[in-house]
Amino acid sequence: MSGIAVSTTINGDDVEFLCQAEETLLEVLRDRLGLTGAKEGCGTGDCGACSVLVDDRLVCSCLVLGAEAEGRNIETIEGMADGDKLHPLQRKFIEHAALQCGICTPGFLIAAKDLLAKNADPTEEEVRFGLAGNLCRCTGYDKIVRAVLDAASEMRGA
Amino acid sequence: MVEVRLWGSLAAAAGGEEMLEIEAETIRELFARLEERYPALKRFIDAGIAVSIDGVIYRDTWSKELPRDAEIFLLPRIAGG
Amino acid sequence: MEYVLPASLNDAIGLLAGAKGNAFVLAGGSDLLVRMKGDFIEPDLIVDIKGIGELAQIVQTADGFTVGSAVPCAVMGENTALRKAWPGVVEAANLIGSKQVQGRCTIAGNLCNASPAADSVPALVAAGARAVIAGPSGKRTIAVEDVPTGPGKTSLAKGEIVEAIVLDKRPSNSGDAYLRFIPRTEMDIAVVSAGVNLTLGADGAVASARVALGAVAATVLLVSEAADAIVGTRLDDTAMEKLAQACSAAASPIDDKRGTVHFRKKVAGVLATRAARIAYERAGGK
Amino acid sequence: MDFDPSYTAQQFKSVGTRPLRPDGVDKVTGRARYGADFNMPGQLVGRVLRSPHAHAIIRKIDTSKAEALKGVKAVVTAADLPDLTDGDADLYAILSNCMARDKAFYDGHAVAAVAAIDARTARRALKLIEIDYEVLPHVTDVDEAMKDSAPLLHESVFTDGVDPAPAKPSNVARRSQYGHGDVDAGFADADMVVERTYRTEQTHQGYIEPHACVASVNNDGTGELWVCTQGHFVYRQWCADLLGMDVSKLRVTSSEIGGGFGGKTHVWAEPVALALSRKAGRPVKLVMSRDEVFRASGPTSATSIDVKIGAKKDGTITAASATLRYTCGPWVGMWAELGAMTAFAPYDLKNVRTVGYEVLVNRPKVSAYRAPSAPMAAFAVESAVDELARKIGMDPVDFRIANVAKEGTRASYGPVYGPIGIGPTLEAVKEHPHMKAPLGKNQGRGMACGFWFNFGGQTCTDLNIGADGTVTIAVGTVDVGGSRASLSMVAAEELGIPYEQVKAIVADTSSLGYNDMTDGSRGTFSSSMATISAARNAIRIMRARAAQMWGIPVEDVVWEEGHAKAAGAKHGNLPPLSVREIAAAAGNTGGPIAGHSELVADGAGVSFATHICDIEVDPETGQTRVLRYTVVQDAGKAVHPTYVEGQYQGGAAQGIGWALNEEYIYGKDGRLQNPGFLDYRIPVCSDLPMIDTQILEIPNPNHPYGIRGVGETSIVPPLAAIANAVSNAVGVRMTHIPMSPPRILAALEAE
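Chains as they are written, first to last, in this note's numbering: chain F, 1 to 158; chain R, 1001 to 1081; chain X, 2001 to 2286; chain A, 3001 to 3751.
FYI, nobody ran anything at the bench for these hints, they're computed from the structure. Beta carbons are placed, not taken as given, at the ideal position from N, Cα and C, and that holds for glycine. Mixed in with the good hints, there may be bad ones.
As the list claims (entries may be wrong) - Partner residues are not named here, just some residues of chain X that face chain F (Cβ under 7 Å, in silico): (1) Gly2029; (2) Arg2104; (3) Glu2186; (4) Met2187.
Let's have the full structure, built from the sequences with the hints guiding it.
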């Protein structure tokens, strides 16, 4: 069977790939494009480890078909840092030890970036509900929430 | 001669003896004497026995010396998460 | 499997009507892709309706709102006018899944997935929403409660697509609310849920009401006895007790991994009274 | 090997600080490579076919159609994993669990596997495998399985540990017993007795990364395995044993690990992936789906526990007993036994007896989960202790303090305790502001204690001094919680150099001597001991090199603050030599400088915690909300306090999930109803408050820095702390975990 030819933009770069109709965006990113930062924790949209932004909309890439990427603008964890300069959220995650095993971290960072884009000054409760779609089993979320609040504060210039 | 206490199931295999007096200098000798005296204990020794000496648990060290007046307790080897 | 992104509604209908084998509509995909992943379905054709311009819009008209079937729930939440007019419906839509799922899922998809526990459906039923259905033989508009016919089953014929969900313009001093019970604070499927929509009369008493319950039967229930219990009242304790009793009585749930019969019957009443209070306040009731 | 592990009080420079983790940048940029992030050239996709039946005889497997499918390169069944276990029952259980032999024992039990060119082909091939099952009656409930009438899993299992030996086979595989004194006499002395039966449901470790590996076996008998594991050396041993390979010819590399919590101490798919690779002659990548993770890997036991505790009016416990029934899955473990050992560990008891029964059921093979078996036993005991305190009219903290174990107490599991931290955690809780904070309507506060042993074990570490004086340490304990940082700190401390000059890596199995798993909270405890030993060995060499450079006797060279210094007045004018200077000269003074260490780390030092929890209960729905949570735990010495806090918080969160909502739900057909994160409900971010921590440091006398393991104990108290809080909030005593809203509502209505 012939594949579907898709032209898309990923982290600012023009990317073309061939995929099968049933392949998810997550599979395409990981298995065809070598972008393994998005993780498959469940494959059913319940853990958020595969979070990416599609046209600035936060989604689980396991619930998007690769074919749907046509003409879209996709942002993954690999595009979050500006060259060798980490995004404030990335820095704060390290500083606050907001990660242990780190498997959920890319998804959390993408989701947190989306959260702060919509709400630059969230309360703790807003952070908690905003990140409820991302599961972490190591940290109890305490240090993640602190890192996001601290990053928000820094990004506001407060 | 050291006094050795056994955990419940091990004691049952040692004919119900909860405390034994054994002539042994090291953990290795202790296991050898125990097996000689109570062949039924071999199975437990093969499965792994940990030796608590004054509350410190030694899992693997055969050469560990057994102090005369130490509190020695035998426990099963256990797994953790 | 084939993936097609038609540019027009007619093309989509034609593809679905002419499909050999299993054809599915892809709107948000948050149910479809999960079912594919679990090997519950093996589609031969997927018709992605997000390329059809008119389905991707919320239109405010003189009569109310038309929510296109490809509009993600997150977009509903961002529409101030819709949120103001139908806060209960929008809240319900914004409870489906996570923020990530919100960016994809649609109320039409939630309706057509035909789960008795679908979050947006009790709110839509309470709101008296209608579904515009387009198919090979034209368009028809039906009450949303007539779309699902049982778990996983709908009244849609081959080739038919829900084009939009229509919500009426609100009379003033109206309010709606939706509450669901989940064991966690997020990410769960409703164990039991209740949507209440009411309009107050000039005297401040409830003039009309609709009460719908989710996850207590094979489809979402519209409970007229529950509405009757509060019409003509200002939600006094007796009315609320009657409302709760009517809801508990109407519920005919099952025991499953998410809850027990007893729990669902009891909590259906609890949620309906709590939702009624919120709706009443939103309508300006005191 | 004259390493002395005894504790010596010292001032630390590096240990106790909070530097940034060395794996941080990789993990926040998506560059860290986990199990599924690695590929080998020409690799195939492996998939496993699993039994839909809870209990069935496998009469015949026909793989011919699958093998004939284009793109399928290998199909394996139990026939491709012949029994090489040579009478080793534990290994045979592992083998039988990896691939069902004559019987499928649970829903999800692997029965066949394929390797194909892509996922789609592999999936199709699975559907072409035809299996003729004879479905048998099954049993999943622990109490049901113990009945004479229960379906029998194995005809060959007779209850071990009972006298006389039974004549009939049974699902009760083993009985164990602990305790001392005379409990009957003790209960006769009691003024008040509490006696109850408790139940807990089966939970899963719930790591976010599914099991994943890439296996490659060559026809010359060599192989490679890339895998997410808590113990690559142990995986190597098991895989080599099961496949008949030489241990040294199988090189196992541990990937970054996306959570384990005990669940990645057992092999499941790895031997299958190796068998597929061997048959196909190509590398095979095998990644479990979340559904497979739940159905076929790592759960805890479901339990049923009777507890009886008696006390005098003055608050002295006179006797305590417990009977603990734990499910093991289809093969015996020592899960109930661990419950029997840990149940009463916090207390000083004259008369105590615990009995454990290992029960076989048609559920997945139980594996370790963070302080395995202790949380359930603690739930039962700490609930009863709270109830008894109330009955006597004593404050629950004071009642515990009155009976607390201390140095010299004979533990309920046998030995006499050295210095321990349970008393200090209780005193700290008593004084904690959390205990005095006001509570509102329908709110309650609960507290509970917990215990875990902690392990040491076999450990090997290499420490290499680079030509520029920077240091690499290669360790063999997988980093699950930040141990590369903490071990770098320990090396820096010992050498007297900055943390930034040390880089720790986890070495593969061919590059380092054997190491036990990262389990039993042993990672930092044991590898730090080996790191200290290796550093001291390196220092010895550097002193000798400095002596050569100076042309003075080595006895005159001391090591201070990261430098070799010439001691004594006669060498007074020699400026100290830094690591860098010594390293730069290494080529002329005897070659590379390294310190090695191989040791058995013993004396891990037991660990205790006490938790406080505030809960609000919605009396109309049974909904609970955790309002505030505090963990007080002894760390011995916190090497990196932030990571110690992280362990405390993570364990507490897992315990909260277990207490409130996590459970395996089996249908009447014996099939798992909720094998996904949607209905297996681990806590989400909005479910939890901040989790406050207080680290106590009661030095472990058997570690040079006083370190104890910290990873596991924090999951032990939450079940009971929350149950006690619910009881205080709404007056119902919850005896069934999880305390899901339907259970709480039912209990409230029954009142």
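Taking the hints in turn, this is what the structure says about them:
1. Gly2029: 6 Å, holds
2. Arg2104: With a closest approach of 6 Å, the Arg2104 (chain X) hint holds.
3. Glu2186: 4 Å, holds
4. Met2187: It holds, given that the least Cβ distance between Met2187 (chain X) and chain F is near 6 Å, below 7 Å.
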